[in-house]
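J.: Construct the complete structure from the given sequences, taking the supplied hints into account.
Protein chains in written order, with full-length UniProt numbering: chain X, 1 to 76; chain C, 1 to 397.
Warning: the hint list may mix true and false statements.
What the hints assert, rightly or not - Ranges between beta-carbon positions, derived for each pair:
(1) X:58 x C:117: 24 to 34 Å
(2) X:21 x C:204: 26 to 36 Å
(3) C:372 x X:11: 28 to 38 Å
(4) X:57 x C:174: 38 to 48 Å
(5) C:221 x X:38: 35 to 45 Å
(6) X:35 x C:371: 31 to 41 Å
(7) X:57 x C:150: 43 to 53 Å
(8) X:35 x C:150: 38 to 48 Å
(9) X:21 x C:10: 13 to 23 Å
(10) C:286 x X:35: 21 to 31 Å
(11) C:231 x X:35: 38 to 48 Å
(12) X:14 x C:243: 49 to 59 Å
(13) X:21 x C:181: 48 to 58 Å
(14) C:396 x X:21: 41 to 51 Å
Unchecked claim - Covered stretches of chain X (chain C as the covering partner; in silico rule of three or more C-beta atoms under 8 Å from a C-beta of chain C):
(15) 21–34
(16) 38–48
(17) 53–63
If you are wondering where the hints come from, they were derived from the structure by calculation, not from laboratory data. Virtual Cβ for every residue (Gly too), placed ideally from N, Cα, C.
For reference, the chains in residue letters:
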Amino acid sequence: MCLAIPARVVEIHADDTATVSLGGVRKQVSMALIEDPAVGEYVIVHVGYALSKLDPAEAERTLALLASLDPTEAAA
Amino acid sequence: MNARASVEGTLSIQIVVIDATVADVRLRSTRATGMERMLTGRPMDEVLALVPMLFSLCGMAQGIAAVRACESALGMFPSPRQRAARELLILAEMTASHAWQVTMDWPRLLGGQPDPAALLVARRAVAEIPPALYPARDWNRPGGGMLKPNAPALDDALDRLSGTVETLAGTGMMTFDDIGELSRWARSSRTTAARMLARVMTDDMAGFGRSGVPALPDLPDHWFAERLAADPGFSAAPSVDGRPAETGALGRTAGTRLMTSLTSLFGNGLLPRLTARVTDLAALPQRMREAAGRIAAEASDTPSPASTSSDATGSGVGTADTARGRLAHWVALRHGIVTGYRTVAPNEWNFHPRGALARGLIGLPADDDLPARVGLLIAALDPCVPCHVSVEEHAGA
Numbered sequence: 001m002c003l004a005i006p007a008r009v010v011e012i013h014a015d016d017t018a019t020v021s022l023g024g025v026r027k028q029v030s031m032a033l034i035e036d037p038a039v040g041e042y043v044i045v046h047v048g049y050a051l052s053k054l055d056p057a058e059a060e061r062t063l064a065l066l067a068s069l070d071p072t073e074a075a076a
Numbered sequence: 001m002n003a004r005a006s007v008e009g010t011l012s013i014q015i016v017v018i019d020a021t022v023a024d025v026r027l028r029s030t031r032a033t034g035m036e037r038m039l040t041g042r043p044m045d046e047v048l049a050l051v052p053m054l055f056s057l058c059g060m061a062q063g064i065a066a067v068r069a070c071e072s073a074l075g076m077f078p079s080p081r082q083r084a085a086r087e088l089l090i091l092a093e094m095t096a097s098h099a100w101q102v103t104m105d106w107p108r109l110l111g112g113q114p115d116p117a118a119l120l121v122a123r124r125a126v127a128e129i130p131p132a133l134y135p136a137r138d139w140n141r142p143g144g145g146m147l148k149p150n151a152p153a154l155d156d157a158l159d160r161l162s163g164t165v166e167t168l169a170g171t172g173m174m175t176f177d178d179i180g181e182l183s184r185w186a187r188s189s190r191t192t193a194a195r196m197l198a199r200v201m202t203d204d205m206a207g208f209g210r211s212g213v214p215a216l217p218d219l220p221d222h223w224f225a226e227r228l229a230a231d232p233g234f235s236a237a238p239s240v241d242g243r244p245a246e247t248g249a250l251g252r253t254a255g256t257r258l259m260t261s262l263t264s265l266f267g268n269g270l271l272p273r274l275t276a277r278v279t280d281l282a283a284l285p286q287r288m289r290e291a292a293g294r295i296a297a298e299a300s301d302t303p304s305p306a307s308t309s310s311d312a313t314g315s316g317v318g319t320a321d322t323a324r325g326r327l328a329h330w331v332a333l334r335h336g337i338v339t340g341y342r343t344v345a346p347n348e349w350n351f352h353p354r355g356a357l358a359r360g361l362i363g364l365p366a367d368d369d370l371p372a373r374v375g376l377l378i379a380a381l382d383p384c385v386p387c388h389v390s391v392e393e394h395a396g397a
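T.: Here you go:
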């Protein structure tokens, strides 16, 4: 039950990877499971792979909801 | 750490070794289980729209558990046709989850490279099923959405998914009776699934990680409702009357001749667990066809009203099976607003501090092979968040 955190594609590389921004943190992920990724799109990332695209409105809504969750209070 | 980046959580597994024996296993999850805080105070319809978006691998099962919980609270009973459509959606997602393990996780554990191209074929087909059933994508509407199956599109997606499953799991899994037949197939086939099972048999790991932790019984929904409603701590550390249980493919496939034979030899060790996953995967095409057949056979129903009652008050629970096991959602509503929301997911059963992983490792010899074997056992239990394993050697008494 991992939470799906929207990440924004900021740069696409030649080796089927892309740099995404996950709440301001940049990381390089594989785009092997995504068709025709584009800079500015939102994707869901799981263990180093972009899984699926999200429409921007959905992504913003999910991000706002996740922001309301304070991880320091997450259950142990 | 950035709040959004850390919210996904991790599972930390600390193995304590004393005198070359695993003396303790300490599990600590930072996986956020703060659903209640996120969803409380929001209108029911908004919560139903949000839940499937919050989960990357099992959004469909989560969304269906959520709508079932709301229906239970509202006293609504979806038609057999709607129930069959939802079952098909859940089974399709389960196929994608099992396919992830076999194409991405198992090759890595065998020293090879993941095969995202094979997974992509399965994920594409799975993604086509919801719009082929519910063109308005309202599959999670209480009472049931506008179900208008597009038979050719559905058939096409199911055909491709069946083809992928055959490629990944082989065609014989459902016909094997015992370890001899399984072993012959595992040694002769070059598929990842076969190589994984062959490795476990060859390296004498068939019973590795076996424990006395029983399978989660097929409990009725009200059992989950009573516990989730009464105990806010049940979500993070669930038990059956104080005892941990294991949920997942092993329980679902129990009773087949092959699994009965394997569990009589190796309990809930690595070979039965991994074989159960391949068996579960191999059975999915037929289960999906049966669900699709029930949708086609049932008379069309009248869709429920588009807007749900704003004075909805009550509580209820909904469950759904995922690849990793049984999932339950409990909701409390007052005048259409969610006043309580709790869930219990397979991860919390299978990675309970005193559960199947911990109990399966304590007492085992801590030799050089231990880290690799622990990696296989974790994969067999399939956590839904990244895992960090550390081994700490302490001096003996």
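J.: Could you run down the list of hints and mark each one as holding or not?
T.: Status of each hint after checking the structure:
| no. | hint | result |
| --- | --- | --- |
| 1 | X:58 x C:117: 24 to 34 Å | holds (27 Å) |
| 2 | X:21 x C:204: 26 to 36 Å | violated (47 Å) |
| 3 | C:372 x X:11: 28 to 38 Å | holds (36 Å) |
| 4 | X:57 x C:174: 38 to 48 Å | holds (44 Å) |
| 5 | C:221 x X:38: 35 to 45 Å | holds (43 Å) |
| 6 | X:35 x C:371: 31 to 41 Å | holds (37 Å) |
| 7 | X:57 x C:150: 43 to 53 Å | violated (26 Å) |
| 8 | X:35 x C:150: 38 to 48 Å | violated (21 Å) |
| 9 | X:21 x C:10: 13 to 23 Å | holds (20 Å) |
| 10 | C:286 x X:35: 21 to 31 Å | holds (29 Å) |
| 11 | C:231 x X:35: 38 to 48 Å | holds (44 Å) |
| 12 | X:14 x C:243: 49 to 59 Å | holds (54 Å) |
| 13 | X:21 x C:181: 48 to 58 Å | holds (51 Å) |
| 14 | C:396 x X:21: 41 to 51 Å | holds (49 Å) |
| 15 | 21–34 | holds (count 7) |
| 16 | 38–48 | holds (count 4) |
| 17 | 53–63 | holds (count 5) |
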